[in-house]
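J.: Top to bottom, those sequences are chains G and Y.
In my numbering, each residue's number is its place in the first sequence (first place is 1) plus 4.
In my numbering, each residue's number is its place in the second sequence (first place is 1) plus 5.
Treat the hints with caution; some may be incorrect.
To be verified - Calculated cross-link-like contacts (lysine-lysine; reagent style DSS-like; alpha-carbon spacing at most 30 Å):
1. Y:Lys-37 <-> Y:Lys-109
2. G:Lys-111 <-> Y:Lys-18
3. Y:Lys-18 <-> G:Lys-264
4. G:Lys-57 <-> G:Lys-330
5. G:Lys-264 <-> Y:Lys-107
6. G:Lys-264 <-> Y:Lys-88
7. Y:Lys-107 <-> Y:Lys-37
Stated by the list, open to error - Computed from the model, here is a short list of chain Y residues facing chain G with C-beta under 10 Å:
8. Val-9
9. Tyr-12
10. Glu-48
11. Glu-56
12. Gly-78
13. Pro-161
14. Glu-236
15. Met-239
16. Lys-258
17. Pro-274
Just so you know, these hints were derived from the structure itself, not from any lab.
All of these numbers come straight from a predicted model, not from anything done at the bench.
Each residue gets a CB set at the ideal place from its N, CA and C atoms; glycine is no exception.
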Amino acid sequence: MSMKIYLLPSDNLLSFVTQLSKTGSVFYPALNGSAAHMVRFNKEGTFEPVFQKIRSAENIKHFLFPSRDIVAKFPNDVRPKTEKQFIFGVKNCDLRGVEVYDRVFLKSEPIDPAYKQSRESTVLISADCPDPEDCCFCNLVGLHPYCTGASDINMTPVTRGYICEAFTKTGEQLLEKHADLFTDCSKEDQKEREKIHGAADRKLNEINKKVFKDTLSDKVANADRKAQHDARKNCVECHACLHACPTCYCFLLSDYTKGKEYERVRTWDACYYAAYARVGGGANPRSELDQRFWNRFQCKFDFFKQYEGLYACSGCGRCYRGCSAKIDIREILWQL
Amino acid sequence: MAAVNPYYAIPSKISKIIKETPTITTFILDGKPFEFEAGQFAELTVPGVGEAPFTPSSSPYDDVLEFTIMKVGRVTSALFELKEGDMLGVRGPFGKPYPLSKFKGKEVFIVGGGVGFAPLRSLFLALLHDLKDYKKIYVRYGARTPDDIVYKHLIPEWEKIDRVDMHFTVDVGDNTWKGRVGVVTVLLDDIPVDIKTSPSFVCGPPIMMKFVTQRLVEAGFQHDNIFLSMESNMSCGIGKCNHCRVGKFYICKDGPVLTWEDVKHIEEPFV
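Same shape as in the complex, but just chain G (with noise of 0.2 Å):
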């Protein structure tokens, strides 16, 4: 339930990030050619945030969870301290992705103390997804194209601003901090608000016709070689897919030294490497690749549910846009 739902006129809201500026970094969506990608603002530059596309090209994994974080050093273990970061636009898609993080990173002993430390550091700000393109699917993973709650405050562009809901005590107190740049959110706001949603809803059903069956777990679970086999046909391994996606959290932990000391280093990995699996003395328990494909199918559709409930995936098609033969994970899964 909203604790707080105010209305940001369109012209507090540079205001308003240049407020936020001051305690921490500020990033956004900004149209970069066709997508939006993720920009830091700077209040010497352009400020033109996009709020209506669809999530950026990079995924939320980035802020929270980078592709290279020192987790551990050595002798002396020092943690850096992180800086404050405000996230806006990011879409209920990605929102997904944090969900799986917290559940991996804190919510399952022992926590993770780098992910925690960024974790605490970051407001995340999302945005309405009004206009899901041809690649979304995250009806189909059971989220909507808005946010519900998974974000610290959610926006809502409309016609007399931007509609601000607090869906946590770090939202609501720093919509009470801004409150001088805050009107109120009338009826007729909301009503427009309920609309976007609705339109996104019906787009995105449009868009997604078939569901995926309530036993797709099972029919992952149960796939034969040949439909693992022809799944993956077409992949060249460039690993895209994995990189790309918010809800991968594999990594691997190297070490290097650093003079008379040495830093433990937390890289993403990814499932489709041959040597992914492979042990010290060299064998592969998923040496073919069929075997990884589909690995990353049971990961994200069975296992993460058996244990969490949820899929891994957040039907945000940066898999199917990144990829060099244009898989589609939607319809390997209604096709099982």
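Guided by the hints, dock chain Y onto chain G, whose structure is given.
T.: Same frame as chain G, now just chain Y:
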């Protein structure tokens, strides 16, 4: 107080190195950075090189921590370059211990192959510590050649213990070898325990695991009484990085020991 960093390895000095075989060495650490229970494992860091997972070979009741390790990959090769007095990093314990309390009053059947005897030694020593609680401990161990047998200096003492029954075999014998010749399954033709109630513990190379498990299942061991040490690529050791997953199990969290009941539905559990 700052939260404990699960990625931080506690610096530990190597106090003694024992060369067991041409390719297997035991590293004894100075002191015990943490307590563990038999069956749990640790991540060992060679400073600046990296980490690999190992199950201690020492008793959980010892004051020191020991690891018996075979040189096979990048980290173990660097480890074998280290000398007594050099530093290692250790973090752990990880994984689930053996449910030893379930086996009180029972016969215990242990089958090891090659360096796979290392984690089983930790189990064996834990059982010896409370020997009165168990009816009898059977150990069956196979190595490639007599030279490849680990703990040669300890075995004669163990063999003397009442209620311990040990048998050995080698794939290829030599002039000095008076014992059995053949792979470890030759020691399983006659299994002298109460198969219906006894737990069995297996650790060894994948091919050995496969055939020993097959033999134990045929012999009639309960599937949830066949305890298998699973080998898997591990990075984090704490159920987050995803590397070690086999089927629905995280070997680092649900294992490293799983039962045949757990893994029998997996297409190829021993790779």
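J.: Against each hint, give a clear statement of whether it holds in the structure.
T.: Against the structure, the hints:
1. Y:Lys-37 <-> Y:Lys-109: Given pair Lys-37 (chain Y), Lys-109 (chain Y) holds - Cα atoms ~27 Å apart, limit 30 Å.
2. G:Lys-111 <-> Y:Lys-18: violated (34 Å)
3. Y:Lys-18 <-> G:Lys-264: holds (16 Å)
4. G:Lys-57 <-> G:Lys-330: With a Cα-Cα distance of about 21 Å, the restraint between Lys-57 (chain G) and Lys-330 (chain G) holds, given a limit of 30 Å.
5. G:Lys-264 <-> Y:Lys-107: violated (48 Å)
6. G:Lys-264 <-> Y:Lys-88: holds (18 Å)
7. Y:Lys-107 <-> Y:Lys-37: The hint holds at about 27 Å.
8. Val-9: Since chain G brings a Cβ to about 7 Å from Val-9 (chain Y), closer than 10 Å, the hint holds.
9. Tyr-12: It holds, given that the least Cβ distance between Tyr-12 (chain Y) and chain G is near 4 Å, below 10 Å.
10. Glu-48: holds (9 Å)
11. Glu-56: holds (7 Å)
12. Gly-78: Since the shortest Cβ distance to chain G is 3 Å, the answer is holds.
13. Pro-161: violated (30 Å)
14. Glu-236: holds (6 Å)
15. Met-239: Met-239 (chain Y) check passes; min Cβ-Cβ to chain G is 9 Å, inside 10 Å.
16. Lys-258: Constraint on Lys-258 (chain Y) satisfied, holds at 9 Å.
17. Pro-274: holds (9 Å)
Of the numbered hints stated above, those contradicted by the structure are hints 2, 5 and 13, listed in ascending order.
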